[in-house]
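The chain contents come next:
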Amino acid sequence: MSRPEILLIIALAAIVTLAERASFFISRRGLNLPKPLERALTYVPAAVLAAIVTPSLFRPSGVAVGPIDARLIAGLVAGLVAWRTRSVLATFATGMLALWGIGWLVG
Amino acid sequence: MTRRRKALFDGVRDMLPMVLGAVPFGLITGVSAIGVGMVPGDAVLMSGLVYAGAAQLAAFSLMGPGASIWVIVLTIAMVNLRFVMYSASIAPWLRRYGIASRLLVAYLMVDQAYALGVLKFRREDADFPRREYMLGMGVTMWLAWMAATAAGAILGAQLPPEWQLDFAVPLSFLALLVPVVRTRPMLVAALTGGSLALALAPLPYNLGLVVASLSGIAAGAVAERLLASRPA
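Chains as they are written, first to last, in numbering that gives the first Met the number 0: chain A, 0 to 106; chain B, 0 to 231.
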């Protein structure tokens with residue numbers, strides 16, 4: 000993307016995010032979210048994060064072990080580490096090392 | 000020391016352990032920004048203005064040829080929807096302050112500040128300087144977040160492309176996603192969102208992501224209903 004496009008994204012994202020953070024700070028009266036909406040909001044992280052991550056793991060990268068792409072293998076290994084350790088750093092390190100390791104073995 | 004100053008420094012002190020956890024994430028955010036072709040200055044600007052790691056990484060995963068600015072902004076808005084919940088939950092505690100103070104507290108509110116703030120307010124009395132406590136926490140994390148992004152961006156700019164650092168983005172999302180999926184309805188939401196996003200990936204402007212996310216949210220809510228109404 001071009002730099003003006005990136006700057007526009009930053010500006011719009013900043014406005015939208017502040018609007019969300021400040022949504023219930025604007026009015027002094029206490030407001031409550033409708034119950035169904037509140038329930039739906041609890042599923043936002045799981046649905047959105049999974050929708051972002053899944054296609055990026057299945058995108059062909061050019062390096063593959065048989066029919067399975069290196070990124071999918073590295074992603075599955077990292078997912079296992081995320082589940083066991085709950086550590087961002089450990090997940091990141093394992094995933095990158097797995098990706099490099101597969102590239103080194105196959106390529 | 001006045002009570003207000005003490006609350007400010009208590010905020011700084013309580014946030015420091017959280018900063019340790021956020022630094023690696025900020026480094027990855029900086030590295031990833033370079034990976035998708037941003038300049039270090041813009042990466043730090045984004046961290047200061049948007050100040051939301053998951054949303055920033057979501058934007059990076061979509062930036063590329065043919066991406067729509069509107070879908071990227073919409074995705075950021077969806078990733079940050081949890082702030083609406085936090086806002087609804089913490090705003091009643093800060094009603095006595097003016098609009099400028101409330102907006103500043105809102106701007107600096109992140110997951111950790113929200114969680115620590117509500118815990119503290121429940122323990123303290125009605126006169127506790129809540130604004131100062133929130134600002135102490137908020138400014139500490141805000142500065143650390145920009146510094147970590149800057150360090151990651153400078154480091155990322157030195158690293159060769161063969162290192163495939165753009166892979167840091169899906170990895171960091173995995174690290175965020177996995178702890179979220181604690182219940183069966185959450186798993187339904189994640190599986191629906193993930194599989195639909197994959198199936199609809201050929202749609203232009205990343206529209207598949209929007210449809211998949213909304214379907215995943217709906218599936219999670221429906222699954223919760225069905226599991227709750229099922230006889231034990």
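It is worth saying that the hints were derived from the structure and are not from the lab.
Hints may be right or wrong, so weigh each one.
Sample of chain A residues lacking proximity to chain B, with all beta carbon distances greater than 12 Å (derived) [as the list claims (entries may be wrong)]:
id, residue
1, Ile8
2, Ile9
3, Ala46
4, Gly65
5, Pro66
6, Ile67
Facing chain A, from chain B, some residues (calculated, C-beta under 10 Å) [unchecked claim]:
id, residue
7, Met45
8, Leu56
9, Gln111
10, Leu115
11, Ala167
12, Val180
13, Ala211
Note that the Cβ used here is the ideal one computed from N, Cα and C, for glycine as well.
Tested hints:
1. At roughly 6 Å, the least C-beta separation between A/Ile8 and chain B is not larger than 12 Å, which violates its mark as non-interface.
2. The Cβ of A/Ile9 does not lie farther than 12 Å from every Cβ of chain B; its closest approach is about 5 Å, which violates its non-interface assignment.
3. The claim that A/Ala46 lies off the interface is violated: its Cβ sits roughly 3 Å from the closest Cβ of chain B, which falls inside the 12 Å cut-off.
4. Look at A/Gly65: its CB is around 20 Å from the nearest CB on chain B, clear of 12 Å, so calling it non-interface holds up.
5. Separation of A/Pro66 from chain B is adequate, the least Cβ-Cβ distance of about 16 Å exceeding the 12 Å criterion.
6. Residue-level check passed: A/Ile67 sits 15 Å from the nearest beta carbon of chain B, beyond 12 Å.
7. Here the hint on B/Met45 is kept, as its CB sits about 5 Å from the closest CB of chain A, short of 10 Å.
8. A least Cβ separation of about 8 Å between B/Leu56 and chain A falls short of the 10 Å threshold, and the interface hint therefore holds.
9. For B/Gln111, the shortest C-beta to C-beta distance to chain A is roughly 14 Å, which exceeds 10 Å, and the interface hint is violated.
10. A least Cβ separation of about 16 Å between B/Leu115 and chain A goes past the 10 Å threshold, and the interface hint is therefore violated.
11. Annotation: B/Ala167 was flagged as interfacial toward chain A, and the flag holds, the nearest CB pair being 6 Å apart, inside 10 Å.
12. Nearest Cβ of chain A to the Cβ of B/Val180: about 6 Å, under the 10 Å cut. The hint holds.
13. Because the beta carbon of B/Ala211 sits about 4 Å from the nearest beta carbon in chain A, less than 10 Å, this interface hint is met.
Comparing the model with each numbered hint stated earlier shows that hints 1, 2, 3, 9, 10 do not hold.
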